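Going down the list, the sequences are from chains A and B.
Okay, so the first sequence: first residue is 1 according to full-length UniProt numbering, each after it adds one.
Okay, so the second sequence: first residue is 1 according to full-length UniProt numbering, each after it adds one.
Careful: at least some of the hints might be erroneous.
Copies of one chain are not kept apart here, so a pair can be met inside one copy or by any two copies together.
[Stated by the list, open to error] Derived lysine-lysine pairs resembling BS3-like cross-links, with alpha carbons at most 30 Å apart:
hint, residue 1, residue 2
1, K171, K10
2, K171, K72
3, K148, K171
4, K148, K72
In case anyone wonders, no lab produced these hints; they're calculated from the structure.
Here the structure is a predicted model, which is why all the values come from computation and not from measurement.
Residue strings, one per chain:
2 protein chains.
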Amino acid sequence: MPVKPGYARKIDIRRGAVEMIHGSGGRATAELIEQLFAEHFRNDWLDQGHDGAVMPPIVRPVAVSCDAHVVKPLFFPGGDIGRLAVCGTVNDVAMCGAKPLYLSASFILEEGFPLADLECIVCSMAEAAREARVAIVTGDTKVVERGKGDGVYISTSGIGEKLTDRTISGKNAQPGDKILVSGAIGEHGMTIMSLRENMTFGTTLESDCAPLADLVADVLAAAPDTHVLRDPTRGGLATTLNEIAGESGVGMMLEETAIPVSNAVRAACEFLGLDPLYVANEGKLIAIVPANEADAALAAMHANARGRDAAVIGTVTEAHPGFVEMRTPMGGVRTVDWLTGEQLPRIC
Amino acid sequence: MPVKPGYARKIDIRRGAVEMIHGSGGRATAELIEQLFAEHFRNDWLDQGHDGAVMPPIVRPVAVSCDAHVVKPLFFPGGDIGRLAVCGTVNDVAMCGAKPLYLSASFILEEGFPLADLECIVCSMAEAAREARVAIVTGDTKVVERGKGDGVYISTSGIGEKLTDRTISGKNAQPGDKILVSGAIGEHGMTIMSLRENMTFGTTLESDCAPLADLVADVLAAAPDTHVLRDPTRGGLATTLNEIAGESGVGMMLEETAIPVSNAVRAACEFLGLDPLYVANEGKLIAIVPANEADAALAAMHANARGRDAAVIGTVTEAHPGFVEMRTPMGGVRTVDWLTGEQLPRIC
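Generate the whole structure from the sequences, applying the supplied hints.
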């Protein structure tokens, strides 16, 4: 990229910090964008250097999603707010049964935030975007005064193209369908909680934060009649299944023993009095598929590194529409309700 | 919309406030979304009720833009953060020479923020979206603790389809082109500043915050060979023209007397020691068009309510590439530099 007149001053990323002037829209803003964001996100569209980017037509149905990210702390085992901001939105687009193509990213920076930390976050976004094969095509940066933010908040929006013409929606679960989860639950949420609580056995916990676009493509290739795809983030598996049960007007019967939970997550949950069913995931998906495609969907998940520990965890029922029930190891049945309390604020 | 199981509790919007639990991802989050956001934004795509929305193919080139909005105060004459969040992004998409179609909206809410104020903002977004003929198709809501935000921050992302196959870009200004501005400058920025400074003569100031998609369509119909479209927001007219001069490798010569500035903005600028050239606009655009299309572009602007006071304010030159110069009323020439200082933080 040629040096443009007016972009001559070099920012001291190693020792510098975000200043109010970086949000002014003037030269300092341009320098920050040019030397930090454009430097790492580099792609043909972003390099158009405009407030907007222009891409080729999207000739299949278009999927759009967005997420604001306010996770605390900003850095955690398995990722950081940057990786999360890419994966969270990529996954929401993928859950429409779509291939994510483009991301936009808006940053709200707090005055005084170290530029070196910002660079780590931006690098991490760039890496996650490469992993997910999406381009960050446009962005925006605002600065707020000390005490009006918390380091950095990142909002991302994603655009993708549908991989299938069939409807994939939370309204589409049908009695008899099998419910699959792509791996062990609760890892992202318990990683964040263990950091906040300074739990020393947290060393074995790591966020599952990962892009799931490939896994979705694999599942749809194997089980083309998939009815629902959803990633159980905030509120966890229980809340997401309750939403789907409500939207589809169906019941669900889960098998508690079939739900994969790691020993580390189980131990941390017991210590903090939490239920892994309500703890956020950032690299897991729920697929609800017709019974005759369940084996194929499960095999496709097992063949993908992101679905190695996938399992069939229950069945969609006609009985008790809107309610999720679970058979316990003792053989009893209990209702799995919505998350109602303030369990885990600022988890993503 | 049918009442879904689990959505039974009515939120007290008139007297209630944002609580941490509204960001938990559980029932309270769903209630807030259902009763506040979905209620006002209602459209076929949003009503899909998913983390993502699916829309028809976009068969023309796709324009994408995004903006984070942190304006302070949240409410001001002529608009509020909601109207701004819609217009800011709609306009960035339009400046690609595109018709804006869809918006996504992410909210970062501060604990304790009155729900009644949030409803005003959401209503204002809905109204601006109707005015701009875009649909808010997907959204996200996060809550941060008291003292970690400032009421509400809104990030929007917009998607549109190109109206023309020609390139419209800040790199495309060519010597001999005419520079047009669609109306009087500095109104948004001076409205915000006068509120912050408690200036009593601020009563005549009103933000120009408005969607410009129609104006862009009119200009492109009249002047199909338009080279550059840009909205001079943060940093104002001077900063935007400097950016374009840098990107295109051209010079510019402005005529100071031709630049429209209202008496109220001029007075407020003099009082606060500011230069209107550097003050943000939220309802104005710059068009740079070949000399033979300048009259047609100007007439098209004059025929649109949003361009009534449009004017030709200068010419693109070969001399002094990267620099913007201005002929003063006295006949002298001065350089119009970038905005370098921290003039107006949190203006949008």
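So, going through the hints one by one against the coordinates:
| no. | hint | result |
| --- | --- | --- |
| 1 | K171 to K10 | between (53 Å within a copy, 23 Å between copies) |
| 2 | K171 to K72 | neither (33 Å within a copy, 40 Å between copies) |
| 3 | K148 to K171 | neither (39 Å within a copy, 36 Å between copies) |
| 4 | K148 to K72 | both (15 Å within a copy, 11 Å between copies) |
In the structure shown, a violation is registered for the earlier hints numbered 2, 3, in ascending order.
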